[in-house]
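Protein sequence lines, in the order shown, are assigned to chains V and E. Every letter in the first sequence is one number past the one before it in the working numbering, and letter 4, counting from 1, is 4. Every letter in the second sequence is one number past the one before it in the working numbering, and letter 23, counting from 1, is 23.
Any given hint might turn out to be false.
[To be verified] Pairs of lysine-lysine, DSSO-like flavour, derived with a Cα cap of 27 Å:
(1) E:Lys69 - E:Lys109
(2) E:Lys70 - E:Lys97
(3) V:Lys7 - V:Lys65
(4) E:Lys56 - E:Lys70
(5) V:Lys7 - E:Lys97
(6) E:Lys97 - V:Lys65
[To be verified] So these bits of chain V aren't anywhere near chain E, every CB distance computed over 12 Å:
(7) Ser5
(8) Gln14
(9) Thr20
(10) Gln22
(11) Gly52
(12) Asn72
(13) Leu73
(14) Thr79
[Claimed, not checked] Residues on chain V that point at chain E, a partial pick, calculated with CB under 10 Å:
(15) Gln6
(16) Thr44
(17) Thr114
Please keep in mind that the hints were generated in silico from the structure rather than gathered at the bench. Cβ coordinates follow ideal geometry from the N, Cα and C atoms, glycine included.
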Amino acid sequence: SAVISQKPSRDICQRGTSLTIQCQVDSQVTMMFWYRQQPGQSLTLIATANQGSEATYESGFVIDKFPISRPNLTFSTLTVSNMSPEDSSIYLCSAQRALTSYNEQFFGPGTRLTVL
Amino acid sequence: SQQGEEDPQALSIQEGENATMNCSYKTSINNLQWYRQNSGRGLVHLILIRSNEREKHSGRLRVTLDTSKKSSSLLITASRAADTASYFCATVVYGNKLVFGAGTILRVKS
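Next up, chain V with everything else stripped away, as it sits in the complex (with noise of 0.2 Å):
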């Protein structure tokens, strides 16, 4: 298994402002992903954050809105730009060690961002 945290827990920000997510992890992972949660929903994968490259963005999520950084294979970051209350979301980060797809990924704590 791998142990995940995250930094900030939880934070109250202020509309049009940019908040970044760090994710580090307790051992060297070959695959770093970033979810958002909406209130009451399910997850939904932002992007996979690549080591020395730049992030693969899922569908309506973009590199502008949702800059994110990956320098080495333990740590990655997330930034949230410019936010709106729609942003209110946890946002949390997940690791997997190897490329195989039967492995299953590990979770970090979760980011719980309220915009006001």
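Chain E: place on chain V using the hints.
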């Protein structure tokens, strides 16, 4: 977009009873996974069943997979108050991407 649909949306049972949650999906899969989420926090991986498996057990959990019907079920036996959580199925459609179902909110009353 979400692939899985889960039912029921919410389930309330007494401690000691069994809880069954169902998940349906639309496309061919590599495997299907079940996760638990407590109070809007991080997800905990429960069990993974491969597309060539039909049933799998882990402790009080039993998962079945019917690829012909594109459906799976999660059975929690002898439920406990600590099982109160949201349960999500997730499919690996291609690559390593998980597509999550809508989830079932389980409440176990003591």
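So, going through the hints one by one against the coordinates:
1. E:Lys69 - E:Lys109: Status violated; Cα separation ~32 Å.
2. E:Lys70 - E:Lys97: holds (18 Å)
3. V:Lys7 - V:Lys65: holds (19 Å)
4. E:Lys56 - E:Lys70: Given pair Lys56 of chain E, Lys70 of chain E holds - Cα atoms ~16 Å apart, limit 27 Å.
5. V:Lys7 - E:Lys97: holds (23 Å)
6. E:Lys97 - V:Lys65: It holds: about 21 Å lies between the C-alpha atoms, which stays within 27 Å.
7. Ser5: At roughly 10 Å from the nearest Cβ of chain E, Ser5 of chain V sits no farther out than 12 Å, so the non-interface label is violated.
8. Gln14: Correct as stated: the minimum Cβ-Cβ distance to chain E is 22 Å, above 12 Å.
9. Thr20: It holds; Thr20 of chain V is separated from chain E by about 19 Å at its closest Cβ, greater than 12 Å.
10. Gln22: With a cut-off of 12 Å, Gln22 of chain V remains clear of chain E, as the shortest Cβ separation is near 15 Å.
11. Gly52: holds (17 Å)
12. Asn72: Its Cβ never comes within 12 Å of chain E, the nearest being 19 Å, so this holds.
13. Leu73: holds (15 Å)
14. Thr79: Correct as stated: the minimum Cβ-Cβ distance to chain E is 20 Å, above 12 Å.
15. Gln6: holds (8 Å)
16. Thr44: holds (7 Å)
17. Thr114: Check failed: Cβ of Thr114 of chain V comes no nearer than 12 Å to chain E, outside 10 Å.
Checked against the numbered hints given earlier, the structure breaks hints 1, 7 and 17 and satisfies all the rest.
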